[in-house]
Amino acid sequence: MSVDGKFGEFGGQYVPEALMPAIEELEDAYERYVLNNEDGFMDEFRTRLRDFGGRPTPLQRADRLSERYGREVYLKREDLVHGGAHKLNNALGQVLLAKYMGKERIIAETGAGQHGTATAMACAHLDMPCEIYMGERDINRQRPNVFRMKLNGSEVNPVTVGRGTLKEAISETMRDWATNVEDTHYVIGSVVGPHPFPSMVRDFQSVISEEARTQAQEKLGRLPDSVLACAGGGSNTMGAFAEFVSDDEVGLYAVEAGGSTLEVDEDAGVAPNSASLTTGSEGILHGARTTILQDHDGQIMESHSISSGLDYAGVGPELAHLVDIDRVTAVNVGDDDALTAFHRLSQLEGIIPALETAHAFGYLEAVAGPDATDETDALGEFVVVNVSGRGDKDLESAIEETYERDIDIAPNMDEFTGGL
Amino acid sequence: MSVDGKFGEFGGQYVPEALMPAIEELEDAYERYVLNNEDGFMDEFRTRLRDFGGRPTPLQRADRLSERYGREVYLKREDLVHGGAHKLNNALGQVLLAKYMGKERIIAETGAGQHGTATAMACAHLDMPCEIYMGERDINRQRPNVFRMKLNGSEVNPVTVGRGTLKEAISETMRDWATNVEDTHYVIGSVVGPHPFPSMVRDFQSVISEEARTQAQEKLGRLPDSVLACAGGGSNTMGAFAEFVSDDEVGLYAVEAGGSTLEVDEDAGVAPNSASLTTGSEGILHGARTTILQDHDGQIMESHSISSGLDYAGVGPELAHLVDIDRVTAVNVGDDDALTAFHRLSQLEGIIPALETAHAFGYLEAVAGPDATDETDALGEFVVVNVSGRGDKDLESAIEETYERDIDIAPNMDEFTGGL
Amino acid sequence: MSLEDAFADGPAFIPYLAAGDPDYESSLEYVEALERGGADIIELGLPFSEPIAEGPTIQNAVVRSLQGGMTPTRFFEFVEDLDVSVPLVCMTYYNLIYRYGDEPGPRPFVEKAASVGIEGFVVPDLPAEESEPLREACDEFGLDLVFIVAPTTRGERLERIMEQVSGYVYVQARLGTTGAQTDVSDQTDSSLARIADYDVPKAVGFGISSGEHAERIVRSGADGIIVGSALVDIVAEGTSAARQTQSDDVATGHERGDDPQAVADRLETLARELKDGAMVGASQRPPHPERT
Amino acid sequence: MSLEDAFADGPAFIPYLAAGDPDYESSLEYVEALERGGADIIELGLPFSEPIAEGPTIQNAVVRSLQGGMTPTRFFEFVEDLDVSVPLVCMTYYNLIYRYGDEPGPRPFVEKAASVGIEGFVVPDLPAEESEPLREACDEFGLDLVFIVAPTTRGERLERIMEQVSGYVYVQARLGTTGAQTDVSDQTDSSLARIADYDVPKAVGFGISSGEHAERIVRSGADGIIVGSALVDIVAEGTSAARQTQSDDVATGHERGDDPQAVADRLETLARELKDGAMVGASQRPPHPERT
Ligand SMILES: Cc1ncc(COP(=O)(O)O)c(C=O)c1O
Ligand SMILES: Cc1ncc(COP(=O)(O)O)c(C=O)c1O
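Residue numbers (UniProt numbering), protein chains in the order written: chain A, 1 to 420; chain B, 1 to 420; chain C, 1 to 292; chain D, 1 to 292.
This is chain A alone, in the form it adopts within the complex (with noise of 0.2 Å):
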């Protein structure tokens, strides 16, 4: 664990000096509630996270993926969380502590929506007041999430700058907060930014692995040979990973959105991809150093993913330092290959799952499945898939998608041509 921020090379605090002090008071913080437990922080945090958020998820034995694949596959099952995502574990923990710090209104960014939902019902649950900011076209993308933020009491600014996504709408958020940083705190939702918050949120996520770790041990008698995770900023894949770094017989997979190609167009400044882990390089974004997608000369790229929760041009700086000591290894899974996995689980499974979840997937069919090459496959006997969410909030962009492609195993879908 770090406490300076650092993660080898990677990490810091690379944000505006009016914001310096509400970020050395949210360190401050961090290691008081968080990491000392002051005021039996982390207590109310994890029976709010039982109660409120539905804790433990269960580590659920997939009996038809485990036939398919000749081993045993197991999900930790986020998808349960209440919001139907990981991202709960995260903003509650945000808003409580900023609760604990004495603030008065909470910001945050939000891109599919699936971290603005997040934040909006943990501000309901705990009565704080919230704004979530959110690029014009990714609100146009995810109306039943903006939807479900205003039913619970947040407002939602429409960011129009740019492209209107979730890049944009971080860069406005942090002006938010650097405008009322007093009495403001900013929900980040995922472990990107500046020190505390990816480490902070990796321990709000940690939650996942420490499960996963008991719950293997329980039903199997044992750890894990690897655990698969889809990576956007990566907290679900910091998460799901972090009790298991140093146990290093367990294999740690991040998977990557590869999008349409890896391929990048330097040129038009865009990476059809949010590959950053294979495709990008160092450099600062956000607050913090890590692998970001950009050009040669440093700008940041456009990102493309099917899956808007991964359509994000970095990386947690931890997640980067661990794919660059070798102990993490980064992979990617594209558009089309996310969208047959989702149809898969579904159809196998029962479980309908988030398109940036079934990119985790698509990877477990490339190296298990059917025409999978022997030589490739890692990853053992006993494998847990991090189940990030629940697909309800994609089966729109399920049937655009499905239609512009060949999905052979996909259902007959003429009647939804037209959309829901």
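Since the hints were derived computationally from the structure, they do not count as laboratory data. Model, not experiment: these values are computed from the prediction. For each residue, glycine too, the CB sits at the ideal point set by N, CA and C. One thing to keep in mind: the hints can contain errors.
Stated by the list, open to error - Straight-line distance between alpha carbons at most 30 Å, and here's what the computed DSSO-like set of lysine-lysine pairs gives: (1) A/219 - B/6; (2) A/99 - B/219; (3) D/112 - D/202.
Said to hold, decoys possible - Part of the chain D face toward chain A, derived, beta carbon under 8 Å: (4) 59; (5) 94; (6) 149; (7) 175; (8) 177; (9) 285.
Dock chains B, C and D with the ligands against chain A, hints included.
Chains B, C and D with the ligands in isolation, oriented as in the chain A frame:
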């Protein structure tokens, strides 16, 4: 517990002779596997409910409701069950039972689509082919649920007769069963239908009260003073009540849909509510003698509710009986108050409830809210409300219905007038 | 004439129509046409809003009849208005029987049915297990209670039913719901064999649609045939043709001739074909059917 | 001339423009107009795709400049092409500095900047804690590193910054992001008071938009004023007017006169107003500012 299928005067087996052998076979299987845990059926069921379904669900203190109502309000969080409602408890139990019985095909009816999606999930999980009957009008109202069923590999058969809603879908499913009775199991979605369904579905759902009872003891060292649950067919109600029935000191409140008015138009054959326990009378519907909405001649009336899951002209026979003997208090909440409660819970607790569930909270407000008159308040100091499901499925309806009414606590929804 | 007597002179032809389909007056004509066509017993459907045992044909008849204003009270008037002499069986669902009159229970319905001349009941959603109250009322007023025996009914269940049945037993020719079929089910023969020993007339129904079917089934040992959907189809076609005509009238002034009389004639014709088929079947039966 | 020298003859006026906004050629003219208007130092923005410390005005300037093809390489050409004699400060975000050249790290960027005549840097996302590598490169090539002091910067933090700062300290007048304001923030006075003891020129920025503001702020003890958004607003208006004109040309043939020269003139005018305001403010200052 009834093993002869009668609850006082209610219950029984009013079905075509062609189905009777299947029903006898089911009775036998129910007794062996469910009641006597033969071949460890109940153990497997409970394990799968835990690992696949996400049980136990929390019993959560609702801090802000407790404050509002000046008492301890606890929520039994069935909205966190996989699929988003208590429905899976039953669907999983029945599909598993069908497997133990050697059946090769599952059929089910669905209204709002909640039972259909739960059944489709259970069938994918347990590798059973599945066909769901759904009224054409419901199909058009609940397209996301139709899509989810298809994603899980189920076929959805539109029912075009009559109004094309739940009543017709049940009849149609019975017809399929009568035709394919030898290899097919009909998964009924509530505590309705011929014996053994009402008892069996109750037993599968009673995990709710079993957990809640223990959790109440753990948290407050005593049993609740009252338990509230919304009642459509009555499965979440019976599930939430079952283990408390013999605790005489625990008040049990079944909250039906009062619809737009409790008045009934006999001539048009329309009840603008689905408050069978309040406005209905004894009769025979869908295989059981129970309390139903019928005209003077015994023709079944069209029911109505803002929540399609409560929109049913009958109620389970055991619940009818418990009301008859005054063990359960039947109350009702109209469309407007349910919708207001939907918004209130979303804002105060960060839980967007199903519109069905919102009825239970509407009753709490009516009895204990700021505008309530004291004399009606018999709920006591410790109230448990069963949160039967989450509201994601209801976002479109919430927009439409909120727009038509003047719900003063609702957020401004101008941008959503055109739907999501 | 009691129901059982109707089987005395050779195979009984038992047609079914929903009373009041598509309207009161036409329906009276249609039912009377069945008698002219050779009916020995007539099953009259009293429509219920949830006809769970019916296929689409009869479901639609039920909808038409309810829309035409049919109620239990009107049904009894209908029976009184009918000019037929063969015995009538009322086919309906239990809730209508149970709810009739001031107090829940079957007695008022049975009393009233007896008073208008109904001879018996078929109640598809009332298995033997639940039939005692209705059985008692029937006994009190001297009516028969017909039970259905399905292809799946065996052993103890079968015995329990055969103990209670009177008038005739309704042998369900195949699994599923009512509806005209183009072939005869193999299940029929084994069903008939299973109940051959019981001393009650056996009428086979579900799916019979032609004289040829009727012949085959009676040859296989049935004492009677029950035909519903094939007849209801004629009413349905007549109804939609009549509706068509009404709009055609406006548009072209052309008359398609599907007045109730034409429909009644077609019903009579099919009835006769079925009755004749049954007679032919009977004449081809082995001289001494093996009854032990 | 070093940055600190620019404060020698009375209050320094430090305007900001994004290099290349809205295009390379116009931008050269605009920057030169600032010098004519009395600039003592010019802050030149090298646009970064994620300008997290900027308000909408400068965000949009950044977008225009990037769309106009501005890159770090072009930026250095731009500086070389500029015909001004006052010192230039490069304002940009750390990633562009870090990524320039063949190896990650700030040295190549600083070396290049020095070679084209840049005198110093302001890097809004680089707090003192992370500035060591850049600081070292600046020392090596003799450039200043300006730090921002926010209204929230106190105690130890303030000391750490003041130890590292060189050239001048950028006193952020208010919380929030850049952007022209209609009033002067009260936070300015207390910020200035907090750093009064440090022996480095204090330039106040964030929100200054008029001569009157400039006057007030200098009167309060500032050694210089930094003005960005108010000037960028003029470029933005000129740009949209020019765009308007282009379409108007087609439609009406009407010429609105917002050619780059007119914009440059307006920039010069506002610059002069600001510079004059600062001078007036200085003249009204208490003769011996209390510096202990
Ligand atoms: C279900 C789900 N999984 C994964 C992600 C990616 O975020 P992270 O990498 O921080 O877990 C998101 C982000 O919205 C998400 O909603
Ligand atoms: C969330 C929810 N609650 C309640 C009900 C009503 O059913 P029951 O009364 O059987 O619990 C439904 C039915 O779909 C439902 O989806």
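- prompt: Among the hints numbered above, which are violated by the structure, and what are their numbers in rising order?
  reply: 1 and 9
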